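S.K.: Listed below are the residues making up each chain.
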Amino acid sequence: MNWITVSYQPVSLFSLKRSDATNMAGRSNLVPTPYAIKMALLRATIEREAANHHQEFQKWIEAKFRWIRDLQIYIQPPERLAVNRNGYKLRYYDQSTNKADRKAGKNRATVALQDGFVFREWVHFDGILRICCGPGDDLFQLEELFAQINYFGKRGCFFQYLPDRTERTSQPQFQPNPESGFTVQPMDDFGKKATFDRINPFSQTQAKENSDRVISSGLLPLRLVASTARYDFYERL
Amino acid sequence: MIRTLFVPKTYGNCADPFLTLGLANLVEFAQRQTENNPTVQLIDAGSQYRLELQTPLDIDAIARIEYANPFPPVVGAKTEKKDQLPAETPVFNAVEQKEIRKQYRDYLYQSGGKPEWEEDAPKPADPRTQNATLLTAMRHDRNHNRLWLEAWKLRDSYGLLLASIFRAYSQPSWEAGDRPSDRAAQSLKKENALKLPNSDSAVKVYQPTAVEGMTRVKTDAPSFKSQKENWLNLWLIASGFFHFALSEQVKIAEKKYDWRTVALCPQDISLAAYRQVLDRLRQYNPPGGGHGIARFDAELVLKLARELLDYHAAKAQDTPSEGWDIWQRSLNRFVSRFHGTHFGSKGQVYGVQAIFSLGLPSWISPENYNELLDYQQILDEHLAVIRGLSAEAGHAELLNAYRDFITGNSLTAFFPFQVKYADYLVKKLADPHAPNPRQFSKHGLDLMSKKDVRFTQITQDPSFLRIAKAINQATVHAGRIQTRNGEVELDWQRNYGLAQQLSSQSGSKKDFVCAIADFLAKYENENLRISEDKNKTLKRVWPTKDDLDRLIELIDEFDTVLVANLLVAYGYARWHKPKSDAASEPAEAAEEIEVTPEDF
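Protein chains in written order, with our numbering: chain A, 1 to 237; chain B, 238 to 837.
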């Protein structure tokens, strides 16, 4: 038994901007990606154990990071999900004006902002989200970490961990099947050579796409049942 | 031997169908050049599109094909660097085509939408005119022309380029593990020492989710930048967009227009049929953008459905009806939906405001030629209803509800619209100065709901029909009405707000039964009062207690909301009457719609 399957009950709407989408047209992933799940595991690890390892933090976190990085993750979406489309008007950072100001030697008291609208999608889950993770010998520790996760994706997209539904299996569940997979979602994941330093947003080391963060096409067992200008409705196959 | 090409869906927006169509266009061209059967079947296989060819590709012959423009460069009034385009290249002049389109639309308006064959009548513009106009409006003509120019530079090796592309797309992506465009680039480099052009900007018309904006591998250095995509993918998407997109300016406020562009997603259709249906829609019968977004969407779906039925009707006349592939198949088995992008005006520039998809009505599935003609009539009826509504006249809520129904694949979404429309209908009928509004016919409702057994068990029940007719005669066919013989004052007054009342009480079985019993009691009292006058003949249906009992049985058997919705829909529909009663029938000919230039 070296694979664990955990279940979450969605508590609020879910949104996670696709990695290949810009902030102006932020379509959402339909389910959390392996990258988002591993980042949630990393966060839970740091919050739970980092205080005990502050002396040799770098060494400890690199080992933990490698362990999480090398996990394989398969996702089973809920039975039904509806994607709602929204547009927001907001003011955002005006990079060109700031650049021009800097060139001209102008000193602004405030950052230049501009008006604009952005597109966002929010996903309503009807059912349970299941995540299969492995292979690993330390499933107990993995289970404890999953139990501490209370949101995936955008902050505030809460999920309730369901302890009674955790399963341990010798084979992974929910592996994508190209013949029956009907919906494609870009699934980003850690690259094989990614390091904590490169992934850490507080470090100055740059992360590279296709090396530290790899985006591949994932197949979800979902079928688009209805679609209008305001929502898409999917059912699990 | 290549008989099938696989196009993985990687973008999740209109770029996927555009890329597929761009590739299919190339395949068709190559088959013609090599004197093979050019038939290409476009199939949506879930995670990928499949192009099925009737005859296999002759790769050796294709490698020797000479260059021909897969799409022309676009030139508008402000197109920059015109001189970079080779002098001998024919260009698509967006300004000239736009003027031709305007003249044709004016002519349509003048002729009331029914153009007559005259020698000097204006001809319709090229169906791709609006796509070229959108490219120039977005200032993306230079991106389009740059993509064209890079292919033109490879003209001496054009056949090799096509052969590499077809070979790369002949392998399913999950087997190969990399993108077909990368495989094509690698094979060209390895076998022919040819290098494909560098990546280019993924501008918003080609890849709406990758517009200039913030994206980052990690949240350390946010920066705005134009996203890049490899040249081959963009070139195919640009070709698909130019030939097959449907773009239109949509009015969103006084003197303020946005652009809306859609890609029709093939499900299982030949490229020739796809092109014919789409070209007829864009050239002769485009949805109007002058009355708001919701009406544009609704008209788009209705008119496309009409064109698809027309296409099949024309085929069915020459083909034996048995065994033909349209029967028993709903329209969305040929084309599944529209993927679209809404570009919001930000003054001089446009930004991506929404990415959407619109479904097609799955309830349209004719079983024989006569039914196909019936569906054509229903679509005309729905179009007539929708053309009576416009956002600027305050009907945005109605139009939104209708759009949710017609684009949502589900018949049950019709009823929320019908409840709102019933109120609007009665309000218009009561206004002596307002033109008579269009109504849905009972025959149309029967046909719409006939595929669902739950619906037909209710709608074919005699008691249900008598009560629905009573509602009709208390609301639509009441008070002062227009007939073919002029205005007539009936002996009973119009009941206002009944649709809202029945709908609002349908959440509880008890409340709904109380509401319908209350209505029937008042209706019966009115009938009794009229019957007292010996000089008058009662020309109204008279439901009995047995009808009410049967309705309660139906509510027990089915859902209260469903029965209530159907009662409202049928109650406010146009009922056919025997010819002897025609004098008191509201004159259908008197139904009027105000036509404006924006309708064309």
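For the record, the hints were derived by calculation from the structure and aren't laboratory data. On a predicted model such as this, the values are computed, not experimentally measured, just so you know. Please note: incorrect hints may appear among the correct ones.
DSS-like cross-link-like pairs, simulated, lysine-lysine; straight-line CA separation at most 27 Å [what the hints assert, rightly or not]:
id, chain 1, residue 1, chain 2, residue 2
1, B, Lys-540, B, Lys-679
2, B, Lys-540, A, Lys-89
3, B, Lys-583, A, Lys-89
4, A, Lys-208, B, Lys-540
5, B, Lys-462, A, Lys-208
6, B, Lys-493, A, Lys-89
Derived list of chain B stretches under chain A, where covered just means 3 residues or more per stretch with a C-beta under 8 Å from a C-beta of chain A [what the hints assert, rightly or not]:
id, region
7, 583-596
8, 635-644
Simulated DEER-style distance windows between Cβ atoms [stated by the list, open to error]:
id, chain 1, residue 1, chain 2, residue 2, range
9, A, Asn-210, B, Thr-292, 47 to 57 Å
10, B, Thr-292, A, Gly-87, 45 to 55 Å
11, A, Gln-141, B, Thr-292, 52 to 62 Å
12, A, Glu-79, B, Arg-766, 17 to 27 Å
13, B, Ser-463, A, Gly-87, 14 to 24 Å
14, B, Ser-768, A, Glu-79, 50 to 60 Å
15, B, Gln-694, A, Glu-79, 51 to 61 Å
16, A, Arg-155, B, Pro-672, 49 to 59 Å
17, B, Ser-463, A, Ala-51, 23 to 33 Å
18, A, Gln-175, B, Thr-292, 45 to 55 Å
Where a beta carbon is used, it is the ideal one built from N, C-alpha and C, also for glycine.
S.K.: For each hint, tell me whether it holds in the structure or not.
M.R.: Taking the hints in turn, this is what the structure says about them:
Between the alpha carbons of Lys-540/B and Lys-679/B the distance comes to roughly 22 Å, so the proposed pair stays at or under 27 Å and holds. Restraint check for Lys-540/B and Lys-89/A: the C-alpha separation of about 33 Å exceeds 27 Å, so the hint is violated. Annotation: proposed proximity of Lys-583/B to Lys-89/A holds, straight-line Cα distance about 12 Å (limit 27 Å). A distance of roughly 48 Å separates the Cα atoms of Lys-208/A and Lys-540/B; the hinted pair therefore is violated under the 27 Å criterion.
The hinted pair formed by Lys-462/B and Lys-208/A meets the criterion: a straight-line CA distance of about 16 Å does not exceed 27 Å. Of the pairs offered as hints, the one joining Lys-493/B and Lys-89/A holds, with about 17 Å between alpha carbons and a cut-off of 27 Å not exceeded. With 10 residues carrying a beta carbon less than 8 Å from a beta carbon of chain A, the region 583-596 of chain B meets the three-residue requirement, and the given coverage holds. Only residues whose beta carbon comes within less than 8 Å of a beta carbon in chain A count, and the region 635-644 of chain B has 3; three or more means the coverage holds.
For Asn-210/A paired with Thr-292/B, a C-beta distance near 39 Å fails the hint of 47 to 57 Å. Roughly 47 Å separates the CB atoms of Thr-292/B and Gly-87/A, a value that falls within the hinted 45 to 55 Å. In this structure the hint that Gln-141/A and Thr-292/B lie 52 to 62 Å apart at CB holds, the actual value being about 60 Å. Checked against the hint of 17 to 27 Å, the pair Glu-79/A and Arg-766/B fails, with Cβ atoms roughly 56 Å apart.
For the pair Ser-463/B and Gly-87/A, the beta carbons lie near 22 Å from each other, so the given range of 14 to 24 Å is met. A C-beta distance of roughly 57 Å is found between Ser-768/B and Glu-79/A, which places it inside the suggested range of 50 to 60 Å. Between Gln-694/B and Glu-79/A the beta carbons are some 28 Å apart, a value that contradicts the proposed interval 51 to 61 Å. In this structure the supplied range 49 to 59 Å holds for Arg-155/A paired with Pro-672/B, their Cβ-Cβ distance being about 54 Å.
Taking 23 to 33 Å as the suggested C-beta distance range, the pair Ser-463/B and Ala-51/A does not conform, at roughly 43 Å. Checked against the hint of 45 to 55 Å, the pair Gln-175/A and Thr-292/B fails, with Cβ atoms roughly 37 Å apart.
Consistency note: the structure conflicts with the earlier hints numbered 2, 4, 9, 12, 15, 17 and 18.
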